[in-house]
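Q: For reference, the chains in residue letters:
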Amino acid sequence: MSLSYPDGPLLQAESLGFSSSGPYSLSLAPRCCAGLDGISGVGKTRLLRALADIDPSKGRVTLNGREREQYTPPQWRRLVAMIPAESRWWHPFVSDHLAPDYKRERAEDLVRACGFESDILGWDVTRLSTGEKQRLSLVRALLRDPQVLLLDEVGSGLDQDNALLLETVVRKYLDDSGGAALWVSHNPEHLERVATIFITMHQDRLQIRKENDLISP
Amino acid sequence: MNVAALSPLDLSIAASLILLLAGLSFNLKLGLESQLIIASVRMVVQLLLIGLVLQFLFSTSSVWLIILVSQVMLLAAGREVRARLKRKLRGFFGYHVGITSMFVSSFSVALLALLVILRQDPWYEPRYSIPFLGMLLGNTMTGVALASDRLTSLFYEQKEVIEQRLMLGESRSEAVSDIRRDCMRTGMIPLVNSMAATGLVSLPGMMTGQILGGTPPIEAVKYQILIMFLIGAGSGFGVICAIVMIEKHLFDDRQRLVLDKLLPEE
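So the sequences go chain by chain: Y and C.
Per our numbering, residue 1 is the first one in the first sequence, and the count goes up by one each step.
Per our numbering, residue 1001 is the first one in the second sequence, and the count goes up by one each step.
It is possible that part of the hints are untrue.
Only some residues are given here: those of chain Y computed to face chain C with a beta carbon under 10 Å [claimed, not checked]:
{"id": "1", "residue": "Arg49"}
{"id": "2", "residue": "Asp53"}
{"id": "3", "residue": "Ile54"}
{"id": "4", "residue": "Arg66"}
{"id": "5", "residue": "Glu69"}
{"id": "6", "residue": "Pro73"}
{"id": "7", "residue": "Pro74"}
{"id": "8", "residue": "Arg77"}
{"id": "9", "residue": "Leu79"}
{"id": "10", "residue": "Ala81"}
{"id": "11", "residue": "Ser87"}
{"id": "12", "residue": "Arg88"}
{"id": "13", "residue": "Trp89"}
{"id": "14", "residue": "His97"}
{"id": "15", "residue": "Arg144"}
{"id": "16", "residue": "Pro146"}
Below 30 Å or equal to it, Euclidean Cα-Cα: the simulated DSS-like pairs (lysine-lysine) are [as the list claims (entries may be wrong)]:
{"id": "17", "chain 1": "C", "residue 1": "Lys1088", "chain 2": "C", "residue 2": "Lys1261"}
{"id": "18", "chain 1": "Y", "residue 1": "Lys58", "chain 2": "C", "residue 2": "Lys1261"}
{"id": "19", "chain 1": "C", "residue 1": "Lys1159", "chain 2": "Y", "residue 2": "Lys58"}
{"id": "20", "chain 1": "C", "residue 1": "Lys1029", "chain 2": "Y", "residue 2": "Lys58"}
{"id": "21", "chain 1": "Y", "residue 1": "Lys58", "chain 2": "C", "residue 2": "Lys1088"}
{"id": "22", "chain 1": "C", "residue 1": "Lys1159", "chain 2": "C", "residue 2": "Lys1248"}
{"id": "23", "chain 1": "C", "residue 1": "Lys1159", "chain 2": "Y", "residue 2": "Lys133"}
Rather than coming from a laboratory, the hints here were simulated on the basis of the structure.
Since this is a predicted model, take the numbers as computed values, not measurements.
A virtual CB, placed ideally from N, CA and C, is assigned to each residue, including glycine.
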């Protein structure tokens, strides 16, 4: 799969391969949100992990035309941020997990946009429910200003209202920042709402099913 | 020095206490008797052997022989560190990290003590060098092994947390900073505790031995202080060395966690 965009792609992967899967090619334009589905076990999570450089992979991956190897691993992962299905929290309080240089005001805005009161930043992490952790893990990632979001079934465990909030926050972030997202989900309605491209993952290739608005306004 | 020489009869009286304990354990079905007896027999044989070796070493004073013996001691300590890990490191690296950190914790510190502090003629005087090395190896090994064991276990148990932190753009070193601190504590706390209790709760074996051998207590105490400092510093350096080596080994050049370098738990 090879697409051309007016501004050039933001993230591009060519012949990306890991273990016996691939090679996959993929490119994400600024402001695009790609919905990714595929049968369980086909390797969607592994694809995200390979793109985030958490697992080793073969092939060429670029961000803004620069090769992955030209970034230090922390730089790369901050720009190509993976949000795993099950987030981990290791410090005592929520705010301990935010970027060291985060702006209080922005953090509170994001938290409220996700449907919380801003005092949740001071909460003990043991008080958080699974759904709260999911939404806060998005906040935590966005405060680090990523250019590409790799969302692994984030929002799948949420009720309709909170899922919609989350989608709005991601959509707004992409529009404001010019970033792109690759969102793994098994929920067709959810993908219908957020995705501008639909990708189905197979063992040996990625298949584009439908393209909505590739040329963003 | 006039030590009251022990006759075989004296030792057998002490041994009969162990036999009594074994009998009691058998009667009460505590299941300790066979282990206890095997360990006692091993202890006697090993100590008699090392007694003979030491006696031989002291009489020859050959530097090559002392180097050989010290190498064997070092290799054995390195091997022992690896053996104490629940999750062992795959391949030669497991021995490499054990031997290197024991070298740092004991060998280098013992050399420093011999050359700079004790200044015997010759510097390798076996009456000093071998007991010093042995004492350092024995006492720092526990800390190094505890810290390494905790490190490999925590890397395995906290894989998701480490990877989550990497995903948030933390460096390898930031992502494991809490684990590193935990392991340093684990390795050093027993030693710090024993330093605090020394003289108050416990009289160290070496000091007691010297006093029994007729050394004035204050001289024995000075030696004990020296050895405690050396053990403390050596343990710390050895633990840091093991932590740094293992940590570096379990990440690849792109700071990705590589846990298949660990063998499954035994």
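Q: State for each hint whether it applies.
A: Going through the hints against the structure:
1. Arg49: Since the shortest Cβ distance to chain C is 8 Å, the answer is holds.
2. Asp53: OK, holds: aspartate 53 (chain Y) within 10 Å of chain C, min 6 Å.
3. Ile54: holds, 6 Å
4. Arg66: Given a least distance of 15 Å, the restraint on arginine 66 (chain Y) is violated.
5. Glu69: holds, 8 Å
6. Pro73: Where the cut-off is 10 Å and the nearest Cβ of chain C is about 4 Å from proline 73 (chain Y), the hint holds.
7. Pro74: OK, holds: proline 74 (chain Y) within 10 Å of chain C, min 5 Å.
8. Arg77: Hint on arginine 77 (chain Y): holds, closest Cβ of chain C at ~5 Å, below 10 Å.
9. Leu79: Holds. Min distance 8 Å.
10. Ala81: Result: holds, 7 Å to nearest chain C Cβ.
11. Ser87: holds, 7 Å
12. Arg88: Since chain C brings a Cβ to about 4 Å from arginine 88 (chain Y), closer than 10 Å, the hint holds.
13. Trp89: holds, 8 Å
14. His97: Status holds, d = 8 Å.
15. Arg144: holds, 6 Å
16. Pro146: Proline 146 (chain Y) check passes; min Cβ-Cβ to chain C is 8 Å, inside 10 Å.
17. C:Lys1088 <-> C:Lys1261: holds, 9 Å
18. Y:Lys58 <-> C:Lys1261: holds, 20 Å
19. C:Lys1159 <-> Y:Lys58: holds, 23 Å
20. C:Lys1029 <-> Y:Lys58: Violated, because 61 Å separates the two Cα atoms, which is more than 30 Å.
21. Y:Lys58 <-> C:Lys1088: Holds: lysine 58 (chain Y) and lysine 1088 (chain C) sit about 29 Å apart, inside 30 Å.
22. C:Lys1159 <-> C:Lys1248: Holds, at roughly 15 Å.
23. C:Lys1159 <-> Y:Lys133: Distance ~18 Å between lysine 1159 (chain C) and lysine 133 (chain Y) Cα, so the pair holds.
Of the numbered hints stated above, those contradicted by the structure are hints 4, 20, listed in ascending order.
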